[in-house]
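Novice: One letter stands for each residue in the lines below.
Protein chains: 4
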Amino acid sequence: MATKEEIEAFMKTDFPQAKCTVEAVGEQLATVKHPIGFDELRPGGTVSGPVLMAVADYALYVAILGEIGIVSLTVTTSLTINFMRKPSSTKDIIGKCTLLKVGKSLVVGEVSLYSEGDENAVAHVVGTYSIPR
Amino acid sequence: MATKEEIEAFMKTDFPQAKCTVEAVGEQLATVKHPIGFDELRPGGTVSGPVLMAVADYALYVAILGEIGIVSLTVTTSLTINFMRKPSSTKDIIGKCTLLKVGKSLVVGEVSLYSEGDENAVAHVVGTYSIPR
Amino acid sequence: MATKEEIEAFMKTDFPQAKCTVEAVGEQLATVKHPIGFDELRPGGTVSGPVLMAVADYALYVAILGEIGIVSLTVTTSLTINFMRKPSSTKDIIGKCTLLKVGKSLVVGEVSLYSEGDENAVAHVVGTYSIPR
Amino acid sequence: MATKEEIEAFMKTDFPQAKCTVEAVGEQLATVKHPIGFDELRPGGTVSGPVLMAVADYALYVAILGEIGIVSLTVTTSLTINFMRKPSSTKDIIGKCTLLKVGKSLVVGEVSLYSEGDENAVAHVVGTYSIPR
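Chains as they are written, first to last, in the numbering used here: chain P, 1220 to 1352; chain E, 1220 to 1352; chain B, 1220 to 1352; chain X, 1220 to 1352.
Just so you know, the hints here were simulated from the structure itself, not pulled from any lab data. We treat Cβ as the ideally placed atom computed from N, Cα and C, and that holds for glycine. Be a bit skeptical, because a hint or two may be false.
No farther apart than 30 Å at their CA atoms in a straight line, the calculated lysine-lysine pairs in the BS3-like style are these [said to hold, decoys possible]:
#1 K1252(X) <-> K1320(X)
#2 K1310(P) <-> K1323(P)
#3 K1320(B) <-> K1323(E)
#4 K1238(B) <-> K1310(X)
#5 K1305(B) <-> K1310(X)
#6 K1315(B) <-> K1320(P)
Stretch by stretch, here's where chain E covers chain P in the computed footprint (C-beta under 8 Å, at least three residues) [to be verified]:
#7 1221-1231
#8 1242-1248
#9 1299-1311
#10 1321-1329
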């Protein structure tokens, strides 16, 4: 119920350190993008795992806001990530979220994470969020 | 098989951005500490979820190195986190890892995360790592 | 690379107690069906959680066999299930699996579970399997 | 707050097919036992994964009832299992549960599963339960 612009404004306030941008949101979907630079890389040239988790968490939050509106107290209750392929050190990370259930108090969604331009996901995430009553 | 000093030196090289310190390691256990400041906080005064995931990932890696020695290609294959309580915005985060299985190719461990000085965990993590042959 | 018939024959031998049938398999996908009767129900009229987990495990295994051929030593290494909606007590359970990664030693897949005829999933599973070398 | 006898009576009614017995319960802990016979085995002589998941689910439920009393609508919302060692085909399975958080609406607990008499866990589970308001 919140627009892309409303969500972007909210996320800048609520996650001031986040580097993610909202590419698209709506209909229980969201796409976000995270630039990759020195801060996100590990020696050997790969994106650090916690950065991927952060992008997934962000994508899930954006998708939920797009569905239920700006509810700042929504909190992550669990997150499971499977790392599948080595991300590129020179491509941005794209996170594509699909909500699987939007209940009154619990939301479940999944996120596939990609190195931009590659169709094989580097990681897959399932997360659950609690919505305050 | 690696000492605390060897692991600290390795982690500084392999995770140059990490703020964690190794408090103790050995006998399939590890304790790490992460300072909490502006970069780790969210409005409302709580530690961001991805910071907690990063501390858990770090604690698992340290515990594994302590057990199998410096093997730089060890990679996280999966991680599940359950967020249980709101962390304090003014306390460091402590991660205590226990390895549950150290196999030839797969390691499984769990981490309890605490706001320093509080005995109730703020989050619980189970992670799996792949060891190259 | 194994056909539906080969997989069905193998599963009857390798999982003699399973009630699942293989509806379709191929191209990194599989669909299985589990009949629901007294043994699968709990008072109040819902399918028990462990039955759903068993159907997901079966669907993942069938999809893997369809991709890599009959490899009897393939073993589940992890499974995460999120229960989302109450299953019908009078409908069969359908499991639809999609493999996310087929590596040399590790396979990752997801399964959506449905009460037959309902398009909203009752549960979602992500599983990982180890393939012997 | 429910006694072992009250929980056993309730579980017989609520999970009529379950073969588990309650060995001990109280103080946010529970120990359960599941006999292993033909129905639980797979060719090659190991306990099937879904049986282990069922034992963990049972142990979590018993521990929760021991803590909050008989609340029949408590439902599993998520469960993550890591399989770590091959269970014995001739030993009962023991499940030892520890609750990690008992909130007003959400409970988190972990379970270690053992082949009786072996101190190395065959699998580890983290589960979350929702308590109706």
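Novice: Please count how many residues of the stretch 1221-1231 of chain P have a CB within 8 Å of a CB from chain E and say whether that reaches 3.
Specialist: As far as the stretch 1221-1231 of chain P goes, the hint is violated, because 0 residues have Cβ atoms under 8 Å from chain E.
Novice: Decide if the proposed pair is consistent with the structure: K1305(B) and K1310(X), CA atoms, cutoff 30 Å inclusive.
Specialist: violated, 34 Å
Novice: Does the stretch 1299-1311 of chain P contain three or more residues whose Cβ lies closer than 8 Å to a Cβ of chain E?
Specialist: holds (count 4)
Novice: Counting residues of the stretch 1321-1329 of chain P with a beta carbon closer than 8 Å to any beta carbon of chain E, are there 3 or more?
Specialist: Answer violated; 0 residues pass the 8 Å Cβ test.
Novice: Does K1323(E) sit within 30 Å of K1320(B), going by the straight-line distance between their CA atoms?
Specialist: holds, 22 Å
Novice: Given the hinted pair K1310(P) and K1323(P), is their alpha-carbon gap at most 30 Å?
Specialist: Violated, at about 37 Å.
Novice: In terms of beta carbon proximity below 8 Å, does the stretch 1242-1248 of chain P have 3 or more residues touching chain E?
Specialist: violated (count 0)
Novice: With a cut-off of 30 Å on the C-alpha distance, tell me whether K1252(X) and K1320(X) pass.
Specialist: OK: K1252(X) and K1320(X) at ~23 Å, within 30 Å.
Novice: Does the alpha-carbon distance linking K1315(B) and K1320(P) stay inside the 30 Å limit?
Specialist: Within the cut-off at roughly 17 Å; holds.
Novice: Keeping to a limit of 30 Å between CA atoms, is the pair of K1238(B) and K1310(X) held or broken?
Specialist: Holds: K1238(B) and K1310(X) sit about 25 Å apart, inside 30 Å.
Violated hints, in rising order: 2, 5, 7, 8, 10; the structure is consistent with all others.
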